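Colleague: Letter by letter, the chains look like this.
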Amino acid sequence: MQFLESLKKYGCNIDVGLDRMKGKVDFYKRLLFKFPEVIEENEFRSLIESNEIDRAIERTHLIKGVTANLSIDSLCNSYTKIVDFLRQGNPQAALEEFDKIENLQKELVDFIKNNAV
Amino acid sequence: MAEEKKRLLIADDSFIDREILHHILENHFEITDAKNGYEALDILTKKEVKFDAMLLDVVMPLIDGFSVLQLMKNNGITGIPIIMMTAEATKENVRRAAEFGITSFVSKPFDGEMVLEKVHTLLDIEPRNTNVYSVPLKEFDINDTNIFIGRLTGVYKDYLKNKGVSDEKFKRVSELTRILMTEYGSQFVGDEYEPAKINMITTAAYFYNIGYMTIPDRCIDFPKKNESDYRMFQKHTTAGAKFVRLNTAPSCAYFTAVCTDICMYHHERADGTGFPHQLTAEETPIHAQVCAFAMQFDEIFCKLDDFTRQNFNIAISQLAVDTGAFSEEIYKLARECKGTITDFYINRFAQG
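Keeping their order, the protein sequence lines are chains V and H. Those letters in the first sequence? Residues 1 to 117, by the numbering used here. Those letters in the second sequence? Residues 118 to 469, by the numbering used here.
Hints were generated in silico from the structure; no laboratory data involved. One should not assume that every hint holds.
[What the hints assert, rightly or not] Okay, the calculated bits of chain V under chain H, using three or more residues with CB under 8 angstroms as the criterion:
{"#": "1", "region": "15-22"}
{"#": "2", "region": "59-67"}
{"#": "3", "region": "102-109"}
[Claimed, not checked] Here are the simulated SDA-like cross-link-like pairs (lysine to any residue), alpha carbons at most 25 angstroms apart as the crow flies:
{"#": "4", "chain 1": "V", "residue 1": "29", "chain 2": "H", "residue 2": "135"}
{"#": "5", "chain 1": "V", "residue 1": "8", "chain 2": "H", "residue 2": "226"}
{"#": "6", "chain 1": "H", "residue 1": "420", "chain 2": "H", "residue 2": "399"}
{"#": "7", "chain 1": "V", "residue 1": "22", "chain 2": "H", "residue 2": "351"}
{"#": "8", "chain 1": "V", "residue 1": "29", "chain 2": "H", "residue 2": "208"}
These numbers come from a predicted model, not from an experiment. Note that the Cβ used here is the ideal one computed from N, Cα and C, for glycine as well.
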């Protein structure tokens with residue numbers, strides 16, 4: 001439970017997340033341990049830099065859905081904006097929004113990886 | 118012997134989302150996963166397994182959910198009830214899904230109860246038996262149906278009596294449905310709205326809330342105490358339809374079809390935001406739309422001082438405030454029946 005509690009400082013709404021998993025701590029943790037893979041498979045910045053906007057939309061949309069389901073609210077809110085900016089044809093604004101969460105995301109991914117069983 | 122689980126196909130590119138869906142659904146259904154749209158199409162094309170329903174993500178890499186639907190259509194893969202999954206149930210998504218006859222969505226993040234409810238509701242739908250609408254009724258069918266109606270009325274009246282509920286409102290809704298459907302039917306030539314069928318639609322309207330028999334009283338009372346009670350309340354529609362459908366006699370097919378429609382769809386709205394299936398006016402049978410209008414009109418009209426034509430207009434105006442509840446076709450029909458409707462209410466209440 002300590003692992004989950006620690007996630008709160010990264011903007012994770014653990015209570016809501018656990019509720020979604022019907023209180024099953026191990027199941028929730030198992031999914032959270034998969035989260036770094038989702039992020040690492042979908043390098044946002046490089047997709048924007050190589051102008052792969054459609055693919056960037058698909059991948060950020062996926063992350064938006066996953067963060068919503070895992071109740072990682074801090075990232076979910078930003079990815080919601082990023083998807084909207086990309087759909088509006090404004091990758092620059094999307095990148096600026098990504099800049100705001102990049103460090104937090106990296107810290108969260110590192111923390112999860114360090115605690116993964 | 119345990120009942121065999123129904124089979125679901127889940128098409129979603131997110132491993133985590135698929136895992137959560139498994140967690141929600143695996144105790145109730147046999148689940149097969151597809152990691153993307155092409156994999157889903159491949160599984161469906163092989164036809165090794167017959168799926169009872171599919172949950173299909175809208176946004177996926179390689180091929181999105183709508184393209185999957187198009188390819189399914191092109192390849193003659195039909196008859197699978199589908200729920201679309203999306204973080205954005207936008208009007209555009211709803212419209213595009215409706216083009217493929219899909220009206221059911223679940224949103225992300227998943228609400229476990231809601232997902233389960235939606236899948237169960239979707240699987241409750243049996244194809245509507247629309248063939249019976251145009252077949253002329255035979256005397257034997259009418260007699261047999263009347264016997265069934267007599268039994269159904271007995272059961273329903275016993276229930277209402279035990280609950281201390283008058284059936285006066287149901288009778289008024291029933292008669293109002295007769296007035297409106299008679300006017301509607303007068304515009305058609307042929308057997309579709311012959312008098313015997315109008316009589317059956319009229320009688321069917323009396324039973325619109327028969328599904329109340331299957332849900333706890335606390336879920337019927339307004340306002341609802343919590344979300345769970347509201348969901349249970351919504352179930353009275355599908356439960357009523359199931360109850361009527363228990364009669365599978367071919368001689369009663371017309372009545373059971375229209376009564377099922379009325380029980381199932383009397384809370385649908387023209388704009389597609391009603392329940393249980395979010396059908397639009399174009400998708401909802403006219404007799405169910407008429408019954409829905411009758412029950413709401415009656416609620417408002419009976420609260421006004423007297424049954425004048427002016428108050429009729431006021432009642433219609435009040436209903437129209439809730440834009441999207443009924444189509445313009447229904448309002449037009451009601452206005453055409455203004456005199457008949459006001460006379461009906463005056464006589465009904467004069468009789469006490």
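Colleague: Go check the region 102-109 of chain V versus chain H for me, would you? Three or more residues, Cβ under 8 angstroms, otherwise it fails.
Modeller: violated (count 0)
Colleague: Given the hinted pair residue 22 of chain V and residue 351 of chain H, is their alpha-carbon gap at most 25 angstroms?
Modeller: Satisfied, since the Cα-Cα distance of roughly 23 angstroms is no more than 25 angstroms.
Colleague: Using C-beta distances, would you say chain H covers the region 59-67 of chain V, given that this needs three or more residues below 8 angstroms?
Modeller: holds (count 6)
Colleague: At least three residues with a C-beta closer than 8 angstroms to a C-beta of chain H: is that true for the region 15-22 of chain V?
Modeller: Holds, because 3 residues of the region 15-22 of chain V bring their Cβ atoms closer than 8 angstroms to Cβ atoms of chain H.
Colleague: Does residue 208 of chain H lie within 25 angstroms of residue 29 of chain V when you go C-alpha to C-alpha?
Modeller: Violated: residue 29 of chain V and residue 208 of chain H sit about 35 angstroms apart, past 25 angstroms.
Colleague: Decide if the proposed pair is consistent with the structure: residue 420 of chain H and residue 399 of chain H, CA atoms, cutoff 25 angstroms inclusive.
Modeller: Violated, because 31 angstroms separates the two Cα atoms, which is more than 25 angstroms.
Colleague: Between the alpha carbons of residue 8 of chain V and residue 226 of chain H, is the straight-line distance 25 angstroms or under?
Modeller: holds (18 angstroms)
Colleague: Against the 25 angstroms threshold, does the CA-CA distance of residue 29 of chain V and residue 135 of chain H hold or violate the hint?
Modeller: holds (15 angstroms)
Against the hints set out earlier in the document, violations occur for numbers 3, 6 and 8.
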